[in-house]
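Undergrad: So you can see what is in the structure, the chains are spelled out below.
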Amino acid sequence: MAGFDKVVSSYEEAMAGLEDNMTIVSGGFGLCGIAENLIAEIKRKGTKGLTMVSNNCGVDDFGLGVLLPNRQIKKIVASYVGENAEFERQMMSGELEVELTPQGTLAEKMRAGGAGIPAFFTATGYGTPVAEGKEEREFNGRHYILEEAIIGDFAIVKAWKADRYGNLVFRKTARNFNPLAATAGKITVVEVEEIVEPGELDPDQIHTPGIYVNRLIQGTFEKRIEQRTVRSSAE
Amino acid sequence: MAGFDKVVSSYEEAMAGLEDNMTIVSGGFGLCGIAENLIAEIKRKGTKGLTMVSNNCGVDDFGLGVLLPNRQIKKIVASYVGENAEFERQMMSGELEVELTPQGTLAEKMRAGGAGIPAFFTATGYGTPVAEGKEEREFNGRHYILEEAIIGDFAIVKAWKADRYGNLVFRKTARNFNPLAATAGKITVVEVEEIVEPGELDPDQIHTPGIYVNRLIQGTFEKRIEQRTVRSSAE
Amino acid sequence: MALTREQLAQRVAQELQDGYYVNLGIGIPTLVANYVPKGMEVMLQSENGLLGMGQFPTEEEIDADLINAGKQTVTMATGASVFDSAESFAMIRGGHVDLTVLGAFEVDVNGNIASYMIPGKLIKGMGGAMDLVAGADNIIVTMTHASKHGVSKLLPHCTLPLTGKGCIKKVLTDLAFIEIKDGEFHLLERAPGVSVEEIVQLTAGKLVIPQHVPEMIL
Amino acid sequence: MALTREQLAQRVAQELQDGYYVNLGIGIPTLVANYVPKGMEVMLQSENGLLGMGQFPTEEEIDADLINAGKQTVTMATGASVFDSAESFAMIRGGHVDLTVLGAFEVDVNGNIASYMIPGKLIKGMGGAMDLVAGADNIIVTMTHASKHGVSKLLPHCTLPLTGKGCIKKVLTDLAFIEIKDGEFHLLERAPGVSVEEIVQLTAGKLVIPQHVPEMIL
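Residue numbers (the working numbering), protein chains in the order written: chain A, 1 to 235; chain B, 1001 to 1235; chain C, 2001 to 2218; chain D, 3001 to 3218.
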């Protein structure tokens, strides 16, 4: 099984080769479905000058936010940010470059990167600040802009289950950007809650085929909730 | 449940509204995963001048091939054809227009149609007859051509299981183009082997969400095999 | 009297149809879910990757892996499906969602909408809003008709950076229900007790007023 | 002596590495699967939507819903996954497949390949071949060195309509293993018992011959 066994035994090994000024594509939506321990390892390594491609940038003490205090992130490509104070400070002071990208365009850019599509047209952002400097074109009377694909030196992904070959299954809305990020990394690193043997996952029910996965590690997760919202049991 | 119940009770109802000269996007690969009974209904209706978008065109007496004897198909967009004699005759005589499209480009055109992407760049076909009349562009030193999306007036799809809301699950390689075709029809009609109640399918394991499905019908299928290949049990 | 947030949601809910797939933005739009007419079913799309969003969970049901686009914990309705973000926006961008309801800072007579950015203030980002306004045929913008200082939000031209261009056809404010067509606002309904004159006064863009402007029925 | 089909497959198999994801075209390439070196594992991609293609089924195992890109009934290997055609070609186009092996009518010194269409003859279509040659970095073309009439298939310029432009770097023929670079064919190996002269004679495009041309070891 050596050839396809993607399991590594330490987080150090999982993120080996990550260097200053690289681009990392990250899964996760807010704090949901984020690669908690891979992020912690990036913090521990102290890698600097990173370009992070991620829908959000975490909160002050969790998610990608933990990479801010030591100024590890040079630039972030995201759709929604500013949910933490240090981020705000660095953005306002110009220490942190922020490239706002519509959420669907961001998802499609990752998918395109993984799928060998260098660029695509979308109506999203036409006539807005997002369109600045981008080609505009009409198809069937509607206006579109040209958006380019994103590929990362690394992709960091959180899945629910995997087999040792790196076939992945995600759970509920923790799926979000993860399957897309998984396709868009030159080196794709995945952490999961459970690793099973090849053959244990139903081939029809695999969300991400192992061909996209380079390294796999089992972790334990805090799974912090950003907006805890409940109804009373009586309702 | 009326609002989301997509189940119709007859094939006539399933294909109601199909008119001459419409475009139909079809799932299936060869004879695998084809909407056998929807095709039969199109034959019965006798609709003419159709543009079929499908990876293949069936064989003489099965699959889309059954629409050939009565000249129901005006044009076919496919990646691989000529597996039946009548097709060959009509193509050679010019009665049938054939637009050959690389298989991956065809799949991506359907996906793009469903996803609101009017056009995308791909390296596939650059420098070949497929590139004729298409825009060429370089990204990062590689050459690409611009391909446009496909949307059909109808899409015909074969799935394995569905719930009444039209959430679909496919089985093995009968999946192929079906989930893509499902997104690319103005009216998407799906036939399945089994219909279950909403809630019976695991939300994490639905291949095609019901939002893409307009009509759903349960059928029985011959599932003809094109290349029956076996090994002896002893091997 | 100007509509309350709840009344705005109530009026929007009248635009629902049985079997609609609906995306509700954060804030007032979210409240629409509480007013789905009896006997009607709609399915809520949450752009982080869920079709068939259910109610908030009980304490026992809370699941960190199940949130909505506002990052709130939610549940799934019967017949729900989960998918990745590219699929979610394929759905949105491809025009498969029947109705989108979202808030705005400004709209103008050409159907432009500004909703995500006030220069000089902290920028949080557009999230999925640009995709939603570009992808949907059927959008209702809900907002107050004017600022607290009486400055109209229905303009000849949006002054803030746009979220989308030429994509808004219906606006429900606390004072009026308005259609945008041919480069004009068309007054369809007024809030109960609100006069046409009040609406005229607080509408900066060209407003077309029919002979009879019915009061909303809530 | 010229390599047999089986020997061609055997030589290609030497290019495999443990853990390779491989796409094998119809014909000779398919035979490569029979010569995977012992102790090595490769996973076969079938472009209709299967990663981890297994052997042919027994009569009892036959499943009409499980076929390969040649429309043959197959089985799944342990750890296989199934996906739709867009995902399958995302994999191929995105360069995720480690090795692609396919046949051709002609290749030329610029790495062009013609493999799907002979004008005047019945056109069947390119299937997934154009995607495969455009998407893979690592492609081996297998074919006979020349036609039965002795007409070279390794040309200065392809004469038939192209399947892909500038994408082929390695060609294995029944006579030789050849690398394409800098607009030239480079002779790497000759089939056992085949002389360099024979190869030169049947190669129409510019051929660079090193001092020593080893025989293939099969």
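For the record, the hints were derived by calculation from the structure and aren't laboratory data.
Being a predicted model, the structure only gives us computed values, none of them experimental.
Warning: the hint list may mix true and false statements.
To be verified - Once the Cα atoms are required to be at most 27 Å apart in a straight line, the calculated DSSO-like pairs of lysine-lysine come out as: (1) D/K3124 with B/K1075; (2) A/K45 with A/K134; (3) D/K3181 with D/K3124; (4) B/K1134 with D/K3121; (5) A/K43 with C/K2124; (6) C/K2165 with A/K134; (7) B/K1161 with A/K161; (8) C/K2165 with C/K2124.
What the hints assert, rightly or not - Some chain B residues judged to face chain D by a derived CB distance under 10 Å, without partners named: (9) N1070; (10) Q1072; (11) W1160; (12) T1229.
Glycine is no exception: its CB is placed at the ideal position from the N, C-alpha and C atoms.
Undergrad: Run every hint past the structure and note whether it holds.
TA: Against the structure, the hints come out as follows:
1. D/K3124 with B/K1075: It holds: about 15 Å lies between the C-alpha atoms, which stays within 27 Å.
2. A/K45 with A/K134: violated, 36 Å
3. D/K3181 with D/K3124: Between D/K3181 and D/K3124 the Cα gap is close to 31 Å, so the pair fails against 27 Å, i.e. violated.
4. B/K1134 with D/K3121: Holds, at roughly 25 Å.
5. A/K43 with C/K2124: holds, 24 Å
6. C/K2165 with A/K134: Holds. C/K2165 to A/K134 sits at ~16 Å (cutoff 27 Å).
7. B/K1161 with A/K161: holds, 24 Å
8. C/K2165 with C/K2124: holds, 20 Å
9. N1070: Nearest chain D Cβ about 23 Å off; hint violated.
10. Q1072: This interface hint is violated because 21 Å lies over the 10 Å limit.
11. W1160: holds, 8 Å
12. T1229: holds, 4 Å
Of the numbered hints given earlier, the model fails hints 2, 3, 9 and 10; all others are met.
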